[in-house]
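Both chains are sitting in their own frames, so use the hints and assemble them into the complex.
The chain contents come next:
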Amino acid sequence: MKRITALLEALGSSLLLAGKAFVSLPAAPRILKRVSEQGYLVGYTTLPIVAILCFFIGAVLALQAGITLRDFGAKQLIGTLVGESMARELGPVMVAILLAGRVGSAVTAELASMKVSGEIDALVTMNIPPARLLVLPRLLAVLLVMPLLTMMGNIIGWFGGAIVSSQVKMIGVPTEMYFQNLKQYLSVGDVMDGLIKAEIFGFVIMLIACTTGLRTRGGPREIGFAVTKSVVFSLIAILTLDYFITKALS
Amino acid sequence: MSTPSPFTPSAPRGNRIQKPRRPVVVRDDRNAVRVDVEKLSKSYGSQQVLVDVSVDVKPGEIFTIMGPSGSGKSVLLRHIAGLESPTSGTVKINGHDPILPETRDRFAVALVFQSGALFNSQSVYDNLALYPLEHRLCPKPEIRDRVMRALKILSIENAAHKFPSELSGGMKKRVAIARALVMEPQLILYDEPTSELDPLMSATIAEIIATLKEEISVTTVVVSHDRALSLTISDRVALVHQGRLRAVEKPDDLKNSSDPVVRAFLNPEIDIRNPRFKQLETVNHD
Numbered sequence: 001m002k003r004i005t006a007l008l009e010a011l012g013s014s015l016l017l018a019g020k021a022f023v024s025l026p027a028a029p030r031i032l033k034r035v036s037e038q039g040y041l042v043g044y045t046t047l048p049i050v051a052i053l054c055f056f057i058g059a060v061l062a063l064q065a066g067i068t069l070r071d072f073g074a075k076q077l078i079g080t081l082v083g084e085s086m087a088r089e090l091g092p093v094m095v096a097i098l099l100a101g102r103v104g105s106a107v108t109a110e111l112a113s114m115k116v117s118g119e120i121d122a123l124v125t126m127n128i129p130p131a132r133l134l135v136l137p138r139l140l141a142v143l144l145v146m147p148l149l150t151m152m153g154n155i156i157g158w159f160g161g162a163i164v165s166s167q168v169k170m171i172g173v174p175t176e177m178y179f180q181n182l183k184q185y186l187s188v189g190d191v192m193d194g195l196i197k198a199e200i201f202g203f204v205i206m207l208i209a210c211t212t213g214l215r216t217r218g219g220p221r222e223i224g225f226a227v228t229k230s231v232v233f234s235l236i237a238i239l240t241l242d243y244f245i246t247k248a249l250s
Numbered sequence: 001m002s003t004p005s006p007f008t009p010s011a012p013r014g015n016r017i018q019k020p021r022r023p024v025v026v027r028d029d030r031n032a033v034r035v036d037v038e039k040l041s042k043s044y045g046s047q048q049v050l051v052d053v054s055v056d057v058k059p060g061e062i063f064t065i066m067g068p069s070g071s072g073k074s075v076l077l078r079h080i081a082g083l084e085s086p087t088s089g090t091v092k093i094n095g096h097d098p099i100l101p102e103t104r105d106r107f108a109v110a111l112v113f114q115s116g117a118l119f120n121s122q123s124v125y126d127n128l129a130l131y132p133l134e135h136r137l138c139p140k141p142e143i144r145d146r147v148m149r150a151l152k153i154l155s156i157e158n159a160a161h162k163f164p165s166e167l168s169g170g171m172k173k174r175v176a177i178a179r180a181l182v183m184e185p186q187l188i189l190y191d192e193p194t195s196e197l198d199p200l201m202s203a204t205i206a207e208i209i210a211t212l213k214e215e216i217s218v219t220t221v222v223v224s225h226d227r228a229l230s231l232t233i234s235d236r237v238a239l240v241h242q243g244r245l246r247a248v249e250k251p252d253d254l255k256n257s258s259d260p261v262v263r264a265f266l267n268p269e270i271d272i273r274n275p276r277f278k279q280l281e282t283v284n285h286d
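Residue numbers (this note's numbering), protein chains in the order written: chain A, 1 to 250; chain B, 1 to 286.
In isolation and in its complexed conformation, chain B is listed as follows (with noise of 0.2 Å):
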C-alpha cells in the first residue's frame, strides 16, 4: 500500500465527513470552485477603489492578482471572500453570493491574511482546530491528526503549543497557511503571502502554494506584489491598476506585454540621476 500524500485530504472528498455528530457544515460541491467577479466597483464615500472589475477564476486555477500598493487589489480578495458587499457589479462562487452565511456553509473558503490573523489568545493548536471544532466536522482524535497534519506540511509541529506572539513573521505566514489547510479548502485566497518574508522564506511559501494545488483540488486566488512569485506559479495574472483591470494574462504574455503600465510595473528601472519623487514634485509645483 502506497504512502499517502501529506497533502492529501484526511478523506476523499464526497466522504469527508463520517459519523457526524450534528453536522454543522454540509458542503453540496466538493471539488475546486468557480470565482466569477462581474462589474465590481465599490466605492468608500467620494473615494473609488474598484471600477467595473470583471474576472473569472476557473476551478482549480492560480490565479494571481498584481498591482501597485492602494490599487485597490486587497479589497477584490475581500469581496471574493466575502468580507466586503460591493457598491454595484456582483462576485459569485460557483453562482453563490459569498456574502451569504449559507454559501459559507456550502463551500469551504480559506483566507490567509497578510498579518496571519491569528488568534493570540490561543495556541497554534487551538487556532488551527478551532475551525472543525466549531463546524463539528470530525471526532476529536480526527481533528487532532488533521491538525498535525497540516502543521507537518508547513514543517511547524514543534509549535503546535507555542502562542502567536512567540513566532516569528515567517511562522506566522506558515500557521495561517495550515489554518488553512484545516479547512481543506475549495478556495484558498492569500493576502500578500510572502509580504515581510525572506526571498528563501517567500520561495517555500510559493513552492507550498503550488504543490496544493496539484496535491488538492483547491482554487487558488492570490493577491500579491511578489513578481518572482506570481509569474512562476500562476496560471493567470492580473493587474490592477488605479481600481480598474489593466490585463489578465498567462505569465509569459504579461511578460511580453505592450501595455506600458504592465510593463513599468514588471520591470521597474531605478534611475538614481531623475528620481520618480523629483519627478513628482515637479509636477505638483506646476
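The shape of chain A in the complex, shown without the other chains (with noise of 0.2 Å):
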C-alpha cells in the first residue's frame, strides 16, 4: 500500500511539474540559450552514441532476419524489415533507452545534486521558480532534440542494415535494391509514428528525470539512490508506453 502510495505520490508531483513548466511557458524567449545548452547536451553530445547503437542495430537485424529471408527466398525484402523495424520500434525505443540512460542520469545527479547543497532553496528565496528556470528548457529541449535524433538514429541504423545486406556473402542484396524496397514499403506515417513515440518517450524521461532530481532529500548516498531511481522508471515508463503507443497508433 505504501508503494502505490508512494507511486502516486510521484505521479501526482510529475504531473504538477509539467503543468508549472509549461504555465512559465510565456517565458520561453527568455530562456532561449537555456534551451540551446540542453539541446546540445541532450542532442549533440548524445549523438554519437546514437550512431554506434542504431549502426549496429540495423546490421544485426540485416544479418538475422537476411538468412532467415533468405531460406524463404524472399531476401530481397530486408530493405523493408529493417527499415519498418527501425522507423516504428526499434529507432525510437534505443534513443529513449539511451536518452534515459545518458541524459536522465545526468540531469536527476544535477537537480538532485542542487537539491541537496541548497540551491533549489536559494532559487525559492530569490522567487526564481525552479520549474521555470531548470525544467521548462529542458522539456523544451528534449521536445526539440528527440525527432532530430530519433531520425538521425533511423537512417544510420538502414545504412548500417544495407552494409551488412550487401557486404555478407550469405545475404547478398546489393544496396540499391536494398534501398529501393525499404522506399517501396515504407510510409511517411511509419516514420512518423515513431516520431511520436520518440517525442512521448523524451518528455516522459526528462520530467520523471527533473522530478526524482527535485525530490530527492538527504545527502550524497540519496543522489545516486535518485540516479538509479530515475532510469529504473524511465525504462518501465517506456516499454510500458511503447505498447500502448503502438497499440493506440496501429
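In short, the hints are calculated from the structure, not lab data. It cannot be assumed that every hint is accurate.
For the chain B half of the interface with chain A, some residues (derived, Cβ under 8 Å), not all of them [to be verified]: (1) Ala81; (2) Leu83; (3) Pro101; (4) Arg104; (5) Asp105; (6) Leu111; (7) Phe113; (8) Ser115; (9) Tyr131; (10) Glu134; (11) Met183.
In silico DSBU-like cross-links for lysine-lysine, where the CA-CA straight-line distance does not exceed 30 Å [to be verified]: (12) Lys213/B x Lys39/B; (13) Lys140/B x Lys20/A; (14) Lys2/A x Lys229/A; (15) Lys140/B x Lys33/A; (16) Lys162/B x Lys152/B; (17) Lys33/A x Lys162/B; (18) Lys255/B x Lys39/B; (19) Lys255/B x Lys213/B; (20) Lys162/B x Lys213/B; (21) Lys140/B x Lys213/B; (22) Lys152/B x Lys33/A; (23) Lys152/B x Lys140/B; (24) Lys92/B x Lys20/A; (25) Lys255/B x Lys58/B; (26) Lys213/B x Lys152/B.
Note that CB positions come from ideal geometry on N, CA and C, so glycine has one too.
And the structure:
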C-alpha cells in the first residue's frame, strides 16, 4: 500500500511539475539560451552513441533476418524489414533507452545535487521558480531534439542494414535493391508514428529525471539512489508506454 | 557633490525600478520590514523541533538567534524565509505569509545560506546577476553596475569570473552575501554566516552585517553560534533551547542573565577532570 501511495505521489508531483513548467511558457523567449544549452546536451553529445548503437542494431537486424529471409527465398524484402523495424520500433525505443541512461541520469544527478546543496532553496527564496529556470528549458530541448535524434538513428540504422546486406555473402542483397525495397514499403506514416513515440518517450524521461532530482532529500547517498530510481522508472515507462502507443497508433 | 557610499542602493527606494521592461517584481513597501512569529511549532514525524516559539523582529533591527546545535534555530530561520510551512502557528512579514510567491514579489527577502548555496554551474558574476535578470529589475548595464558594486563592497571584484568551485570557504560566504546585496533586500537572513571562517574573516563578516544595517534600510535576522558576533552587533538576541525560546534580551542583559541555561551556553567551562561526555555516559548507564 505504501508503495502504491508513493507511486501515485510521484506521478502527481510529475504532473504538477509539468503544469508549473508549462505555465511559465510565456517566459520561453527569455530562456532560449538555456534551451539551446540543454539541446546541445541532449542532442549533440548523445549523437555519437546513438550513431554507434543504431548502426549495429540495423546491422544485426539485417544479419539475423537476412539469413532467415534467404531460406524462404524472400531476401529482397530485407530493406522493408530493417526499415520498418527501425522506424516504428527500434529507433525510438533504443534512442529513448540511451537518453534515459545518459541524459536522464545526468539531469537527475545535477538537480538532486542542487537540491541537497541548497541551490533549489536559494532559487525559491529569490522567487525564481525552479520549474521555469530548470525544468522548462530541459522539456523544450528534449521535445525539439528527440525527433531529430531518432531520425538520425533511423537513417544510420538503415545504412547499417544496407552495408551488412550487401557485404555479407550469405545475404548478398545489393544496396540499390535494399533501398528500393525500403522506399517501396516504408511510408511517411510509419516514420511519423516512430517520431511521435520518440517525442512522448523523451518528454516522459525528462519529466521523470527532473521530478526525481527535485524530490531528493538527504545527502550524497540519496543522489545515487535518485539516479538509479530515475533510470529504472524511465526504462519501465518507455517499455510500458511503447505497448500502449503502438496499440493506439495501429 | 559627495561620493555615494558603496552600500547605498543603486537608486533611492521608491524610484528603484527605472524604465522597467514589464517588471515582474513590484514592491509595495520599500522600507525594512517587520517579522512576526506567533506560537510557531514544527514537527517532523514524531520529532518536535520547535514548540510555541513567538518572536517579533522590528524593522531595521539586527536580531540574532543563538542556541546549541539541533535546537531548531535554522528551522526557525527557514520558516521566516518561507521555505518551511509550520505545523501550527504563523509567520508573517509585514502581515503577509512568507511562503506565498506574492509575498516574495512584494518584499525582497534574501537568505545567506550556511553553505553559500551558490550555483556551481555559473560564474560568480552570473550568480549575482541571476536575480535582477530573472525579475527584469533593470537594464543589463545597470545590472552589471549593481553586481560590480556588490562585489566591491565585499572586496571580491577579482572573483567575478571565477566559478564557486574555485573559491575558498570565506570567499563563498562573501559571494553569498554579495548575491543577497544585489537583491537590495528589505529583510536579510543569515544562517551561520561565520561558521568555518577564521576569526579575522568572521570579524569582517560581522562588520559587513552591522554596516549594511546602518547604510541601507534592512531588517536582519542572524542565526549563529558565534558569541562574539551575536553579542557585538545585535540589537537583540534570542536563545533557543530544545525547540523552545528561552530568552529574548538585549546583548548586555543576556550576558548578565540569571538563567542557568543561558549562562551555560554563553560561558561554557571546560572541565578536563570531569568532562561532560563522561557525565552523560554515567547517566546513560544508570
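Are there hints from earlier that the structure breaks, and if so, what are their numbers? When the structure is compared with the hints, none of them turns out to be violated.
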